[in-house]
Each structure stands twice: as structure tokens, then as C-alpha cells.
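Q: Sequence:
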Amino acid sequence: MVLFIKYLLFILLVIFVIGAAVYSLSSRRALNPQDKGLKRSVMNVMLGAMLVTLSLISMFLFRGSTVNIIVEAAFLLIGVFNIFSGIRSYSYYSRSRSQEQHQSKA
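Number 6 in full-length UniProt numbering belongs to position 6 of the sequence shown; there are no gaps in the numbering.
Check the hints yourself; a few may be wrong.
What the hints assert, rightly or not - Below 20 Å or equal to it, Euclidean Cα-Cα: the simulated DMTMM-like pairs (lysine to aspartate or glutamate) are: (1) 105 x 35; (2) 6 x 72; (3) 36 x 100.
Hints in this document: simulated from the structure, not taken from any laboratory.
Put together the whole structure using the sequences plus the hints.
A: The structure is reproduced here in C-alpha cells:
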């Protein structure tokens, strides 16, 4: 069971890294600032999920030293902060984008 969890976390880590890279490249190529902000916020969520997954992998692979626990906790906190800030900025950009589209129709 633990081996299955390790493989699942590794697969999730690879998916989040690839997703963050894709959204990073697409945000750099976007011309519209709203689209750029939306893609960067999704990239931020992906990077936060990657850090959380990395800390969980570290919890399963390494046991017990104080330095490991501090690094795992730091990765976990930074990852959760990135996820929440990405969600917050995504909601901001999606609201401003919908208001922009609504004003252009009027």
C-alpha cells in the first residue's frame, strides 16, 4: 500500500511539473493581460500542488530527522500558500475578465 502511494505521488508530481511548465509557457506567450493573469494563477496553483506533493513524498521516503521535518513543513506551508494565492488571483482575473466582456457587449 505504501509503495502504491509513493508511485501515485510521483505520478502526481510529474503531472504538476508538466502542467506548471505548460501554463508558464502559455502565459508568457499570451498577449491579453487578462489571459496572462489567468494562466499565471493556474501555474501558481500547479506549483503549489507540486510543493505539497514533494513534501508528502519526502514524508514517505525519509524518516525522522529534525532537518527533514523542517524542510517538509516549509514545503507544505509554501505549497498551501501558493495554492490559495493562485485560487485568489484566478478568481480576481476571471471576475475582471467577465466584467470586461460584459462592458464590451453593452
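Q: For every hint, state whether the structure bears it out.
A: Here's how the hints hold up against the structure:
no.	hint	result
1	105 x 35	holds, 19 Å
2	6 x 72	holds, 16 Å
3	36 x 100	holds, 15 Å
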